[in-house]
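Engineer: Listed below are the residues making up each chain.
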Amino acid sequence: MRKLWAKITGLAILATLLLPELVAAAGPAAAPLVMVADTRKFTGWEAWWTNLYNESHFWFTVVTVVSIPIVGLLFGVLADLIMGAIGIDLKSRELAEH
Amino acid sequence: MEFFYVMMPIAGIKIFWPGLIILGIGVGIIGGFFGMGGAWMVTPGLNILGFPMAFAIGTDIAHMAGKSLISTMRHGKFGNVDYKLGMIMLVGTVVGFEVGAQMVMWLERIGQVEKYVRILYLILLTLIAWMVFADVAKKKRKEKELAAKGLEADKLATGIEWHKTMHKIKIPPMIHFKEAQIYCSAWLPILVSFLTGWLAGILGIGGGLIRMPALIYFIGCPTHVAVGTDLFEVMISGLYGTATYTYKGRTELVAAMIMLVGAAIGAQVGTVATKYIKGYGIRIAFGLAVCGCAISILLKMMAKWFPAYGGAFDGSATALILGLVAAMSLYIGIRMIIGAKAEVAAKKAARVSVA
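Chains Z and Y supply the protein sequences, listed in that same order. Residue numbers for the first sequence follow this note's numbering, so the first one is 1 and each next one is one higher. Residue numbers for the second sequence follow this note's numbering, so the first one is 1 and each next one is one higher.
Calculated from the structure, these hints are not laboratory results. Please note that the accuracy of each hint is not assured.
Stated by the list, open to error - Quick list of simulated restraints, FRET-style, between CB atoms: (1) Z:Trp-48 x Y:Tyr-331: 18 to 28 Å; (2) Y:Lys-341 x Z:Leu-78: 20 to 30 Å; (3) Z:Val-62 x Y:His-176: 46 to 56 Å; (4) Y:Thr-126 x Z:Ile-86: 38 to 48 Å; (5) Y:Ala-349 x Z:Phe-58: 53 to 63 Å; (6) Z:Asp-89 x Y:Tyr-331: 18 to 28 Å.
Said to hold, decoys possible - Only pairs whose alpha carbons sit at most 16 Å apart, straight line, appear in this in silico EDC-like list of lysine to aspartate or glutamate: (7) Y:Lys-348 x Z:Asp-89; (8) Y:Lys-248 x Z:Glu-55; (9) Y:Lys-14 x Z:Glu-94; (10) Y:Lys-77 x Z:Asp-80; (11) Y:Lys-278 x Z:Asp-80; (12) Y:Lys-14 x Z:Asp-80; (13) Y:Lys-140 x Y:Glu-152; (14) Y:Lys-139 x Y:Asp-154.
As the list claims (entries may be wrong) - If the Cβ cut is set under 8 Å, some of the chain Y residues that face chain Z in the computed set are: (15) Gly-12; (16) Lys-14; (17) Thr-242.
A virtual CB, placed ideally from N, CA and C, is assigned to each residue, including glycine.
Work out the full structure, taking the sequences as your base and the hints as a guide.
Structural biologist: This is the structure in structure tokens:
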């Protein structure tokens, strides 16, 4: 069973790596689209942010992907406190289709 | 009026920020209630607010990841999330999503992205709406037949039962999913999630719109568990989608954060409302939302086919989608308030009777 899983995982990874290339190869060759943010209009954090975008999409992605769940978690905990204070039972429900 | 506009650092455009918050609230309510990210409402909504299509998709997915985390936390506490099923489905979702996202980049290069995305949306929405209402009609027929025999339907009984056929596939490993109350081959959720993930990648959505009915009709989850598990999936695939689109430079984090403020409130309302509405109530509302969405996309396409009436068709599509979000949010919000009031009142009465 382990061997089977290893093979399947390997094939799945291979498909992820190869298929996009096959798909992309189906279209006519085109110049890659490069987008640049205009940093001249900004100062402070906005200037830092736009510069980060222009300099490294990798770090721009890391900051985005980390900050989204943190903010979501903060809002979720805050809402928990408010709903609990109202008196709604937040831990049980009846499972019924009709 | 300048106060109501905020400059988006990456896209370089000014956006009406109260519009982003309102959109966030509406989509948060609907997303938490139906178990989806709500990209089908947000992407056109962001377009209306002036976002270019390329940034609209990435920004939408980024906000969706945060909002889904809030809803998943709540659904998880209700026992509506089957984490094992969600984790298994992730494999198919991630692979499918990446294939789909690469396809959309290719379509963008040849300049056909908008046309194909809209056609695919329309076909998919029509199929989903048909499936939901066929299910409701079949359930009613079954109930009538049982009533004629003097019997009552089980509270988890459904109309369409395609999942029972799917469960006959016995390719090992077979797995029991406790919260979803199903026993099936692990390959079933993997295959379903690959297909839904691929479609999600092409459409630039988290996939909830497709995966929620797929979880119900092909895998056999009860509606509430489908909603919760789907949101868990949307959260993870949303984060993955955020990384993919952001790495390609297509995300505007400032807009996503502003939307998240509204979505945080909306997601709580929508999620708690599922506590007070039965499974088929959720399914019917979902079917109606899908119909409205399909009509709005058709109107958008007609605007392109008949340029002379383009403005009228575009305006109608916008009005329909915004009206739909507003009406659904209002309905869900009211049901949540009524349910919560009744629950709090019942608790008070119980305390008084004990005293």
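Engineer: Indicate whether the distance between the beta carbons of Ala-349 (chain Y) and Phe-58 (chain Z) respects the range 53 to 63 Å.
Structural biologist: This hint holds: roughly 58 Å between Cβ atoms.
Engineer: Return holds or violated for the Cβ distance of Asp-89 (chain Z) and Tyr-331 (chain Y) against the range 18 to 28 Å.
Structural biologist: Given range 18 to 28 Å: holds, Cβ gap about 22 Å.
Engineer: For the hint on Lys-14 (chain Y), just tell me whether its beta-carbon gets within less than 8 Å of chain Z.
Structural biologist: Check failed: Cβ of Lys-14 (chain Y) comes no nearer than 11 Å to chain Z, outside 8 Å.
Engineer: Check whether the Cα positions of Lys-248 (chain Y) and Glu-55 (chain Z) lie no farther apart than 16 Å.
Structural biologist: At roughly 13 Å apart (the allowed maximum being 16 Å), Glu-55 (chain Z) and Lys-248 (chain Y) satisfy the hint.
Engineer: Determine whether the Cβ-Cβ distance between Trp-48 (chain Z) and Tyr-331 (chain Y) falls within the hinted range of 18 to 28 Å.
Structural biologist: Violated, since Trp-48 (chain Z) and Tyr-331 (chain Y) (Cβ atoms, about 43 Å apart) do not stay within the stated range.
Engineer: Is Lys-14 (chain Y) within 16 Å of Glu-94 (chain Z), Cα to Cα?
Structural biologist: violated (46 Å)
Engineer: For the pair supplied as a hint, Lys-348 (chain Y) and Asp-89 (chain Z), is the alpha-carbon distance within the 16 Å limit?
Structural biologist: It holds: about 13 Å lies between the C-alpha atoms, which stays within 16 Å.
Engineer: Within a Cα-Cα threshold of 16 Å, do Lys-139 (chain Y) and Asp-154 (chain Y) meet the stated pairing?
Structural biologist: Holds - the C-alpha atoms of Asp-154 (chain Y) and Lys-139 (chain Y) are around 11 Å apart, at most 16 Å.
Engineer: If I claimed the Cβ atoms of Lys-341 (chain Y) and Leu-78 (chain Z) lie 20 to 30 Å apart, would that claim hold in this structure?
Structural biologist: The hinted range 20 to 30 Å holds for Lys-341 (chain Y) and Leu-78 (chain Z), with Cβ atoms some 22 Å apart.
Engineer: Using the beta carbons of Thr-126 (chain Y) and Ile-86 (chain Z), state whether their distance is inside 38 to 48 Å or not.
Structural biologist: With Cβ atoms ~40 Å apart, the hint holds.
Engineer: Can the hint on Thr-242 (chain Y) be confirmed by a CB-to-CB distance to chain Z that is less than 8 Å?
Structural biologist: This interface hint holds because 6 Å falls under the 8 Å limit.
Engineer: Take the shortest C-beta to C-beta distance between Gly-12 (chain Y) and chain Z; is it under 8 Å?
Structural biologist: holds (5 Å)
The earlier numbered hints that this structure contradicts are 1, 3, 9, 11, 12 and 16.
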